[in-house]
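S.K.: Each chain is listed here by its residues.
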Amino acid sequence: MTVKSAATAELALGNGTRHLIHCPPSWDHYLLDAPSVGEEHFVLAGELPRAHPLFNDGPGHFHDAQIVTETIREIGEFVGHRYFGVPQDRPGLFFGFNLHLTELRAWRTDWANATDSGTARMTTGITAKPANAMNGVPRGLDFQIDVKINDMPCCTGTAGLVFLMPQLHRNHLAHNRQALRAAPELDDAPDGALRPVDPAEVGRSAVSNVVVSEPSESSRGRLTTWVLTDNPNPVFAPEGGHLSGTHLLESLRQTSLLAAGRAFGLAPARSTPTSSEVHFRSYAEPELPLRCTAVPGALGRDEYGRPAVPVTLTVTQRRRAVAEARTTVVQDF
Amino acid sequence: MRFWILGPMEIGGDDGPEAGPDGAATPAVSYTPRAAKLRVVLAALLVRANEVVSVESLIDELWQDNPPRTATTTLQVYVSQLRKLLHSADPEHGRDTLLTRPPGYLLRLEPDRLDMTTFEELHARGRKALETEDYASAAELQQRAIALWRGPLLSDTPHGPLLGGAAVRLTEARMTALDQRIRADLQLGRHRGLIAELQSLASEHPLREEFHAHLMVALYRTGRQAEALRTFGRVRRTLVDELAIEPGPRLQRLHRRILAGDAALLSSGSNGGNGGAVVVGTATGSGSGAADGPAQSLPERPAFQAVTSLPAADGAFTGRDAVLAEVERLLRDAPAGTSVALTGKPGVGKTALAVEAAHRSADAFPDGRIFLDLEPDPGRPLGAADAMARLLRRAGTQVTLPAEAQDLQDALRHLLTDRRILLVLDNATSEAQLRPLLPATAGSTALITGRRLPAGLGGVRPVVLDALGPEESLRLFDALAGPGPAAAEPAAAAEIVELCGHLPLAVHIAAAQLRARPHWTAGSLSARLRDERSRLTELQLGDLDVRGTLMVAYLDSSPAAQRAFRLLGLLPAGPFGLWAAAAVLGLEEGEAGRIVENLVDGRLLEASVHDGLRQGRYHFHELLRILATELLAAEETPESARAATERMCEAYTQAAERADAALTPRPVTGPVAVPGPVTDHPQEWFAQEQPALVHAVRAAHAAGLWSAALRLVDAMTGYLEAHASWADWQATHTFALDAARQSGDRAGEARMLRSLGDLAWQNRRLAEAADLYTRARDTAELCDDPYEYGRALVGLADLHLDNGDTSAAAALLEPALAALAAPARARGRYDALRALALLALEAEGPEAARARFTQCLDLATALKDRRLEAYARRALRALRDPAPAAGKPTDLEVRPGIWRLRAPAPRRSPLPAPGRLSALTA
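Order-wise, the sequence lines are chains A and B.
If you're matching positions, the first sequence starts at 1 in this note's numbering and goes up one per residue.
If you're matching positions, the second sequence starts at 334 in this note's numbering and goes up one per residue.
FYI, nobody ran anything at the bench for these hints, they're computed from the structure.
Hints may contain errors.
If the Cβ cut is set under 7 Å, some of the chain B residues that face chain A in the computed set are [said to hold, decoys possible]:
(1) Leu-576
(2) Gly-1230
(3) Ile-1231
(4) Arg-1235
If we take Cβ atoms under 7 Å as the criterion, some of the chain B residues that face chain A in the derived model are [stated by the list, open to error]:
(5) Trp-482
(6) His-1056
(7) Ala-1057
(8) Arg-1097
(9) Gln-1188
(10) Leu-1234
Heads up, the beta-carbon is just placed ideally off N, CA and C, and yes, glycines get one too.
Let the hints inform the model, and build the full structure from the sequences given.
M.R.: This is the structure:
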């Protein structure tokens, strides 16, 4: 549970303005202005970003699907506070995402942007369901996500958000920090200076957007990179003293592309993770080295015959799990 | 250790293979002595097992009249060798088997160790069974006894006086067993199957009159009386030639009866004749016993040769596991006088399932399973008498027509009594047709199929068959079309079965189309089926025809039901309430309910389980709905169809207006004949009826009912807007816009343009929204509609506010407020005040906005619109929150339930940010 929900989301969509529409399943609580105790449905409408410093950096074959996770991270805490009566002082922390791109065609920029205005409209249907309610206040929210680009359904997903009481959150942070620093015997650090990997290998153009180092490879395609935590790019600014969710998710994306490219030659410019299952285990300290290990599975094909590589990723700091993920990278020509 | 003497001698140890239940199997390892003399001694002891056989008898058996001098000593040697042999066969007890008992020797043997004793025991039991008239057991026991014989008794052993006598006795016993088995078989009506065997026996034993008599009876009963007579001639000639005697009096009496065509000889005697109307006789009492013999004393009773007249099992039968298991269970556990009725819509696979169930439960009905189609020609069901006669004939019973119904019923009852027979009565049409056919006695039952449940019959246990589930229908399609098409195009295959409504008949035809036309693919077939107008035509191949099958059910209905079926085709594809059906039919709900239930009984319509709103609802199977639509176009006048459409739209409009008014209080006119849930649970009602409402708008537009389309869409706008139902919003309002234009309703046109502008704004298609609001404004101006004019201006102002252009927004909102000043335009004025509040918030700050939001609250309170009131309260509360700092996002609820999320420019500071999106939260 390391990802502060709303922090970098402020930057996520640039200046794009969107509408979040609440579709009340029942008129009553809406009219009474009382917190919901059941499912709530929302629709988020807006354009896909065109000038985002991270998501629009790269060869531009696809729109970056991380926009969906950013959207949910942005909306999740707001929905909890506004519609489920969660006190404002309880931050929302995401502990997991599952995303599956069901229609890759819609994510291609040449298709998505082929509108009169040259922009792509993204509509995200969000169903929020309270979990572990205590005195009518949920401890967390489960989200179901359905994304359409220009009205074409193209992505489904789930996400889990937990709200921590302030003291508990502070204790959690302190404990995590102490645990990491109190175990020098578990020190895990790179052998020498870290060199960012070539941006083209991770689907980016700007070096400032590269967050993984040149990897060391071992047998059967397994590779190890170090997450670059001293990046001056404000997109990756730490949150509350720990590494941001955007930073972690981007490092998982970049390592997935790197592993699929190095192991099976998938072209990063034409590749994207079409499914991601991410679990966050603990916070990551920006000052301590962060190792990311990727194990690619066997090269296969997706249902359309495109090359597909499953990748299992583990992010650790001082041998303590920070995040675990499974992705599938697909090459699309 | 076992011994076999009914044939060549065999001795086997206990370590050999298990003998059969009657000890018929011979050993894998044989301990049979090779020396003939040893075999003679052992055989003599065996045929007299458990008896003392004297030394003298044994010496006689060995050497007859010429015993050697050392006969006694030699015999002792033989006995000693036999003991060694028995020991090797059974090391534990072998030596103790052959005992010395004065005046000779005794072979101690348990009865089941010797095939001869087994034979005698089975033969005795068989005879007893015959005497107690248990013919089935008698036939079985005697058959088992005869099967023990592998050849003549001790065929490899020289026979002396002792063995010779035993051979004569046992051979005679064998022939008696054979005779009794044949008698029992004849009692059981198995005469057809006996003819070949009897011919062989008569040839083998030309002087045994009883076999010839049995043969004559069997031939006579199978209608071969000429051959029966010829058999008599043959045996007579043999007897005269060989022995110079005439056949015995029994055979001669039988001959005379055959010559006289004695009907009683055909039957068991209980119902022979009966005035000549019905001659039933599947068998007689006994074979030659028809004349006399041991069975002559047995009472004659019906016998029956097990008959199976079922269609062959369908190798491609797939799925239905649960229903099959249920039907099978009901058949097996059927109490006396009960039947199982399989009902369901046409083409759902009732017959196939019945046949499959009948095959699977074969063991429960050993006396036969008889299938009868009660409506072989569509529209011409069999009468009860005809059906009974056919059933009797299929059971192998001779029926002479014309016959009285009562006689037929008696004969059928007689046939079923004390037997286990399953009648599969397919396509039953009425209780009157079924009543006389149903078995009333234990053991037999009927499996009925038909569209209508024969509810008027007692003891009928119904099983309703529905269309297949998606997975089952796909499996059926795979099984019928072969693995190719489905495997190559799984999505197309799934679509095909979906378009077939998962109706087995339709799936069969679709699969057959692919088999018959290898150049077609699943994709091309699904494309053909997609068009509703031609789907039923496509689902036709050879004599398989979905439309024809469905039409049978339609034509079977009353004219009133047929008309109702056609008109209900106007209703949307999903479930509909009775109130909607009543409106379409132009009837009161009570009368409509009776007709609709009649359609349900005829399987033309399906009743849904009561939904969450506690309404009874109905729906068409998809293919029946298409048929209804076809018939509506073909058989209903355009005026009638239009009138029904008008009634349907009016009903939906009234209901939607009520629901809308319940959500947003406002006065509503018109009759109040709308279902309770409309006003009790308006939101749930809208959610449930939304597809139907969209369908009604489409239908109204198609029928040129412009005003109706507009009214209905007006009633839907509030719900669609609050639930971001963009696709339906777009579709319905586009139809309504066209309806307004067609009818010259400029105010309606402005209203629809403005609502479509709201949709585009909500969806953030801002350029399109600007265009629509502008056109709405212009149209409203042209028709002098200040309300819509003002609202269009507010919409345009919202767009400017979205851009941050407050002065442009202000320029629009002042005239908007002026246009909406009249008390009757309060809803529009609320909107203008809302926009002015947002403008004030952006341009001047929270305090300036507060006055406007307070005005909004007052207005909403006056309007009694709780949704607008709640929005105003939330907005006022949010104003108390501190303004977001520079660089913080501005998240604002700009219209009720709609938040504008506007992210700031990317920060350059790496400082962590506190939570955002809090501007308006309490």
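S.K.: Hint by hint, say whether it matches the structure.
M.R.: Cross-check of the supplied hints:
1. Leu-576: violated (90 Å)
2. Gly-1230: holds (4 Å)
3. Ile-1231: Hint holds; Ile-1231 of chain B Cβ to chain A Cβ min 5 Å, cut 7 Å.
4. Arg-1235: holds (4 Å)
5. Trp-482: violated (68 Å)
6. His-1056: Nearest chain A Cβ about 4 Å off; hint holds.
7. Ala-1057: holds (4 Å)
8. Arg-1097: holds (5 Å)
9. Gln-1188: Cβ of Gln-1188 of chain B sits 20 Å from chain A, so the hint is violated.
10. Leu-1234: holds (5 Å)
Comparing the model with each earlier hint shows violations of hints 1, 5, 9; every other hint is respected.
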